[in-house]
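**Student:** Sequence:
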Amino acid sequence: MEHASPKSPILSIVVAIAENNAIGRNNQLLWHLPADLKHFKQITTGNAIVMGRKTFESIGKALPNRKNIVITRQQIDFPEGVLTANSIEEAISLADENEMFIIGGAEIYRSILPKADRIFLTTVHET
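The numbering of the sequence shown is this note's numbering, which starts it at 4 and goes up by one.
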């Protein structure tokens, strides 16, 4: 399924979902999963990460050792080291890394899904 050209990064979605397909609530993750966060760090370090503005605000800072790209239609200031794009296509054009990881939120996931090469999916089974 990987169809990325040398000029285009591999597009990978990273998402954790509940059994009811929820990914978050009130702009926050639903769980704190240390092993999943460690895996997230391992696969995204050294690559580009793309997120919507609300996801960036929930994280609160640029993630280190990654190219942080925020898709937003708003003209607001972001911290140094954060690139902004108006669309998925513009975000892709900003990445010169081998792989680009889409890390949320729901609107960004919906728009990238048809173009995605890979999905790193964690399903959380709550008891």
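Hints may be right or wrong, so weigh each one.
Below, computed lysine-lysine pairings styled on DSBU-like, alpha-carbon distance capped at 35 angstroms [said to hold, decoys possible]:
#1 118 x 44
#2 41 x 64
#3 41 x 118
#4 70 x 118
#5 44 x 64
By construction, these hints were calculated from the structure, which means they are not laboratory data.
**Student:** Given the proposed pairing of residue 41 with residue 64, does the C-alpha separation stay at or below 35 angstroms?
**Tutor:** holds, 18 angstroms
**Student:** Could you grab the alpha-carbon distance between residue 44 and residue 64 and see if it respects the 35 angstroms cut-off?
**Tutor:** Measuring from Cα to Cα gives roughly 15 angstroms; hence the hint holds.
**Student:** Does residue 118 sit within 35 angstroms of residue 41, going by the straight-line distance between their CA atoms?
**Tutor:** Satisfied, since the Cα-Cα distance of roughly 26 angstroms is no more than 35 angstroms.
**Student:** Within a Cα-Cα threshold of 35 angstroms, do residue 70 and residue 118 meet the stated pairing?
**Tutor:** holds, 20 angstroms
**Student:** Hey, residue 118 versus residue 44, does the alpha-carbon distance stay inside 35 angstroms?
**Tutor:** It holds: about 23 angstroms lies between the C-alpha atoms, which stays within 35 angstroms.
Violated hints: none; the structure is consistent with every hint.
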